[in-house]
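**Q** Sequence:
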Amino acid sequence: MTLADTVKQDLTSAMKARESERVGTLRLVLSELQKAAKEGNDDEQAVLRRERKRRLEAAEAFRKGDRPELAEAEEAEAQIIAAYLPAELGDDELRQIVEAAVAESGATSPKDMGQVMKAAMPKVGGRADGKRVSAIVKEVLGA
Numbered sequence: 002m003t004l005a006d007t008v009k010q011d012l013t014s015a016m017k018a019r020e021s022e023r024v025g026t027l028r029l030v031l032s033e034l035q036k037a038a039k040e041g042n043d044d045e046q047a048v049l050r051r052e053r054k055r056r057l058e059a060a061e062a063f064r065k066g067d068r069p070e071l072a073e074a075e076e077a078e079a080q081i082i083a084a085y086l087p088a089e090l091g092d093d094e095l096r097q098i099v100e101a102a103v104a105e106s107g108a109t110s111p112k113d114m115g116q117v118m119k120a121a122m123p124k125v126g127g128r129a130d131g132k133r134v135s136a137i138v139k140e141v142l143g144a
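The numbering of the sequence shown is the numbering used here, which starts it at 2 and goes up by one.
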C-alpha cells in the first residue's frame with residue numbers, strides 16, 4: 002500500500018469523524034502526492050517533507066507578523082503531516098552519521114563541508130533537516 006493510499010484511508014476516517022482541520026490537511030497532502038505522482042516523482046517522503054517545511058516556515062512568518070493563532074494552525078498541520086514521515090534522528094545518531102561522513106570524505110577543515118554534506122545527506126535519508134546536519138558538520142569540523 003502506498004503512502005497516498007494510507008492518506009486516502011485516513012482522510013475517509015477523518016471525514017466520518019468530522020475532524021475538519023485534519024480533513025483539510027489530508028486533502029491538501031493527498032492532492033500534492035497525486036500531483037507529484039502525475040509528474041513522475043515517486044518520492045512520496047520528499048513531498049511530505051516539503052509540505053511540512055512549508056507549514057513550519059509559514060508558522061514562523063505568522064509569529065513574526067504577530068499572528069499566533071494562524072501560526073498555531075500551521076504548526077498543527079505540520080504535526081499531522083509529520084505523522085506520515087519516518088521518525089527524526091536523535092542528535093547522537095546524527096552525530097555518528099556525520100562523523101562517519103567526515104572520516105569517509107577525509108575532511109579536515111571547514112572548507113571540506115560540501116564533501117561531508119554530500120556524503121552525510123544520503124545516509125540521513127530525510128530523517129533530519131539539512132540545517133541540523135549542517136550545524137553538526139560545522140561543529141565537528143570546528144567551523
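To be clear, the hints were calculated from the coordinates, so they are not data collected in a lab. Beta carbons are placed, not taken as given, at the ideal position from N, Cα and C, and that holds for glycine. Where hints are given, some of them may not hold.
Capping the alpha-carbon separation at 25 Å, the derived lysine-lysine pairs in BS3-like fashion look like this [stated by the list, open to error]:
| no. | residue 1 | residue 2 |
| --- | --- | --- |
| 1 | 36 | 139 |
| 2 | 39 | 9 |
| 3 | 39 | 54 |
| 4 | 119 | 132 |
| 5 | 119 | 54 |
| 6 | 112 | 132 |
| 7 | 36 | 54 |
| 8 | 124 | 112 |
Label pairs and their calculated CB-CB ranges [as the list claims (entries may be wrong)]:
| no. | residue 1 | residue 2 | range |
| --- | --- | --- | --- |
| 9 | 88 | 140 | 44 to 54 Å |
| 10 | 28 | 93 | 33 to 43 Å |
| 11 | 68 | 116 | 38 to 48 Å |
| 12 | 119 | 18 | 43 to 53 Å |
| 13 | 109 | 28 | 43 to 53 Å |
| 14 | 109 | 67 | 42 to 52 Å |
| 15 | 22 | 109 | 47 to 57 Å |
**Q** Indicate, hint by hint, whether the structure satisfies it.
**A** Hints and how they fare:
no.: 1; hint: 36 with 139; in the structure: violated (37 Å)
no.: 2; hint: 39 with 9; in the structure: holds (16 Å)
no.: 3; hint: 39 with 54; in the structure: holds (22 Å)
no.: 4; hint: 119 with 132; in the structure: holds (14 Å)
no.: 5; hint: 119 with 54; in the structure: holds (21 Å)
no.: 6; hint: 112 with 132; in the structure: holds (17 Å)
no.: 7; hint: 36 with 54; in the structure: holds (18 Å)
no.: 8; hint: 124 with 112; in the structure: holds (21 Å)
no.: 9; hint: 88 with 140: 44 to 54 Å; in the structure: violated (22 Å)
no.: 10; hint: 28 with 93: 33 to 43 Å; in the structure: holds (38 Å)
no.: 11; hint: 68 with 116: 38 to 48 Å; in the structure: holds (41 Å)
no.: 12; hint: 119 with 18: 43 to 53 Å; in the structure: holds (45 Å)
no.: 13; hint: 109 with 28: 43 to 53 Å; in the structure: holds (50 Å)
no.: 14; hint: 109 with 67: 42 to 52 Å; in the structure: holds (46 Å)
no.: 15; hint: 22 with 109: 47 to 57 Å; in the structure: holds (50 Å)
The earlier numbered hints that this structure contradicts are 1 and 9.
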